[in-house]
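Asks: Here are the chains, one letter per residue:
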Amino acid sequence: MNDPLIAADRLSVYAGDTHILDRVSLAVHPREIVTLIGPNGSGKTTLLKAILGLVPAKGEVKRRPGLKIGYVPQQFDRDTSLPITVAGFLALFAPAKAADTALARVGISQAKNRQLGALSGGELARMLLARAIAGRPDLLVLDEPMAGVDVTGEAALYHLIAEIRDEIGCGVLLVSHDLHVVMAQADRVVCLNRHICCEGDAHAVVRDPAFLQLFGARAASELALYAHHHDHAHPPSGEAGPAPNG
Amino acid sequence: MIFMDDFLWRAALGAALLGAAAGPIGCFVLWRRMAYLGESVAHMGLLGAGLGLLIGINVLVGTAALAIVAALVMARAGDRTIPAGTFVGIVGHMGLALGFILLATMENVRADLLGYLFGDVLALSASDVTAIAAASLGVLAVTALLWRPLLRAAVGGDIAAAEGKGGRLVQTAFLVLVALLVAFGLKVVGALLIVALLIIPPAAARPFARTPEAMAVLAAIAGALAAPLGLAAAYATDAPAGPCIVLAAGAIFAASVLGSRLWQTFARSRRDSFDLS
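For the protein sequence lines, the chains are H and L, in the order given. Using our numbering, the final residue of the first sequence is 246, and nothing's skipped along the way. Using our numbering, the final residue of the second sequence is 277, and nothing's skipped along the way.
Bound conformation, chain H alone:
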C-alpha cells in the first residue's frame, strides 16, 4: 500500500487520571474514506483533535510533508459580534473562484452574500464543507459534518464527499452517527471506544445480507451494526484484553 497521508501511532489522551484515548493507532491513505464510529464519549472528536494537534496527546502523529488538510469541526461558534459574509469568510481560506465553485457544489450559492450569523444550521454545515473542499485538500477531516442538514441533503452531501475524493484523490477521515451513509460510502470503518475496538471493510459489510437485517433493527446498539472481527475480548470491566483463542 502507498504511504499514508497521516498516521497516528499509539495516541493517548488523559483528563486528569482518566483515559480519554488509550494507545490509538490509525492511518489514512490517499483516496481512502475512513469512518470513525462509536458511542457518545468514546473519544471520536478527541481522536480527530489529537491527530490534528489541537489537543495535547502522548504518542506520535506523522504527516506526509506538505499535507494540506481541510477540516470541518463538530462545533463552530459564530460570534454575533463579528460581521462577516459567507464570501468574506471563505475568502480568508481560498481564492474567490474556488470558493464560488465549492458553494455551488454544496448547493448554497444563493447564501454567498449573507452574514455568517444569519445562516441556518444546515446552511452553516454546507458552508463549512464548502470551505474545507475549496482548498482542494489532500486530506479531509470531517467531524459530524452533517449536523443540521436534512436527510435528503445529507445523503447528497456524503455522495459529494465521495465524488470529491474521486476527483482530487484526497483521503477522508470522517466521524458520523449515520450508519446508513457510513456503510454506503466508507472504505474502512473504525469502531472506537477509548481504544480501537475493531476495524472492518465496509464494502464487504454492505453486501452482507446480515447487514440489511441488522439495519432494520435500529434499536440494536451502534456497535453491533456491522460484521467485524474482534481482536480482543471485553471483560466486564470494559478494558481491552487478549481475544480468547484469536
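Rather than coming from a laboratory, the hints here were simulated on the basis of the structure. Treat the numbers as computed from the prediction; the structure is a model and nothing was measured.
Which stretches of chain H does chain L cover? Using the computed rule of at least three CB atoms under 8 angstroms from a CB of chain L, they are:
no., stretch
1, 40-54
2, 74-80
3, 84-98
We treat Cβ as the ideally placed atom computed from N, Cα and C, and that holds for glycine.
Since chain H is already given, all that's left is putting chain L on it; use the hints.
Replies: Below, chain L without anything else, positioned relative to chain H:
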C-alpha cells in the same frame, strides 16, 4: 480658552491615538471573547508598574514586560482540571492585589495610586505622549499587517489551527499587541479601565458594520472620538479625566445602539408602507 492648554493637547492626543489603536485590536478581543484575559493582563500590568519602580527601571518597560509575559502565560494556561478562565481570574487578581500593595508601600507613589488605577491622562508629559503615540501607531500598523491571519484565527478558531493557518506566531503577536496597548494605556485610563477602551468602541461599531474591516475602522474612529469628548466633559465638570473618557465611549456606544435601532424601525416602517401602497 481650553484649546490653549498644553496639558489638554497632550492628553487629547495621547488618549485619541490610544483609543484609535485600541479599536481594531479590541475587535479581536471581542470576537475571540477575550475581554476577561485582557482584564487580567491589565491587572498584572499594575504589578509590572510596581516592580518597575521597585527595581528602578522605567515604569512603562516594567508594565509592558509583565503584561506581555502574563498574556502569553495565561493564554496557554488551563487544562482539563483547571479551566483557563479560573486560572486567568486567579492570576490576574493576585497581580492586582500584589501590585497595589507594592505601590502603596512606596512613599513617593502613594499619592499617585489612583492614577495607576484610573489613569492620569492630564499629567502626561511630552515624552509620555511620544511613547504612547509610537506604541499606538505601532500596534495599529502591526494589526493592519497581520489582519488576514489574525482574522482567520479569530473567525476560524480550531479550523485555522488544524490546517496550519492559525499559527502560534499569530496568536502570540495578538497577545503582545493587547499587552502593549494595555501597558501604554495604564497612564491614560488606568489598570481598572483600560479594557473598556478595548471593548466599548468595537461594540459601538458593531451595529453599523457589515464586514470585519468596516467594524475595525469604525471602532478606531469611536475610540479616538471618546478622548476629546471625555476630556471636554472632564474640563467642564472638573471630574477625573480617565473615567470621563470611558464614559464618553459608553455614550458613543449607547448612541450607536439607539441610532441603529431607530434606523431599523424607520426602514421597516418605510418598507411596510411601501408594501401597502
